[in-house]
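Trainee: These are the residues of each chain, in order.
2 protein chains.
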Amino acid sequence: MSEQAIYVYAKWQVKEGKLDEVLQILKEASKKSSEEEGNLFYKIHQSKANQNILILFEGYENESALEFHKNSEHYQNLVVKQIVPLLENREVIVMDQIF
Amino acid sequence: MSEQAIYVYAKWQVKEGKLDEVLQILKEASKKSSEEEGNLFYKIHQSKANQNILILFEGYENESALEFHKNSEHYQNLVVKQIVPLLENREVIVMDQIF
Chain L
1 MSEQAIYVYA KWQVKEGKLD EVLQILKEAS KKSSEEEGNL FYKIHQSKAN
51 QNILILFEGY ENESALEFHK NSEHYQNLVV KQIVPLLENR EVIVMDQIF
Chain V
100 MSEQAIYVYA KWQVKEGKLD EVLQILKEAS KKSSEEEGNL FYKIHQSKAN
150 QNILILFEGY ENESALEFHK NSEHYQNLVV KQIVPLLENR EVIVMDQIF
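Protein chains in written order, with our numbering: chain L, 1 to 99; chain V, 100 to 198.
Next comes chain L alone, as it looks inside the complex (with noise of 0.2 Å):
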């Protein structure tokens, strides 16, 4: 595995009506997200046209950490079980960083 950071992009459509439970639970997986050690930040961005739509945009110091959090109790349970469900649609790019 890589040693170089990693940044993850998601683009969420929530479900209309759903958008308060989705930022509860977010809230929640923001601050464990964010609290594990090779984390480098996890910000959630709202679009200013459509309130439904989510920006996710994550940065990790190396793959490791990113497959540390896909392996998470707070992400598997938090996004993949409650969170997922709730989105219309789901979009999820791994990038590079390349200036």
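Read the hints as simulated data drawn from the structure, not as lab findings.
Incorrect hints may have been included.
[Said to hold, decoys possible] Below, a list of computed lysine-lysine pairs in the PhoX-like style, where the Cα atoms sit at most 20 Å apart:
#	chain 1	residue 1	chain 2	residue 2
1	L	Lys15	L	Lys48
2	L	Lys11	V	Lys142
3	L	Lys11	V	Lys147
4	L	Lys48	L	Lys32
The structure displayed is predicted, hence computed values, not measured ones.
The hints should help you fit chain V onto chain L, whose structure is shown.
Mentor: For chain V alone, coordinates are given in the frame of chain L:
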């Protein structure tokens, strides 16, 4: 105009064979955008799964700083006139950071 920081996320799908050309121009656009007074950051990422997908993530002190950027000579010339014709697809979302 709101005085709150404002963020822009853009996802570019570069046309096959045009990546080097786009990156060359983008380097200059990134440098000049970062030098704008109201710019917080201007980060360029590349998808690990598809090198032709670039994700731009930009921060501005407030809405007028973003307006300044969009009306700048380097944005109009480098991005709108030179880069956009080399893109297959372009998605831009203006956002607030919520946590």
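Trainee: Against the 20 Å threshold, does the CA-CA distance of L:Lys48 and L:Lys32 hold or violate the hint?
Mentor: violated, 26 Å
Trainee: Need the status of pair L:Lys11, V:Lys142: alpha-carbon distance at most 20 Å?
Mentor: holds, 17 Å
Trainee: Would you check the hint for L:Lys11 and V:Lys147, treating anything up to 20 Å between C-alpha atoms as holding?
Mentor: holds, 17 Å
Trainee: Taken at face value, is the distance from the CA of L:Lys48 to the CA of L:Lys15 at most 20 Å?
Mentor: Cα-Cα ~17 Å, so holds.
Violation of the numbered hints given earlier is confined to hint 4; every other hint is satisfied by the structure.
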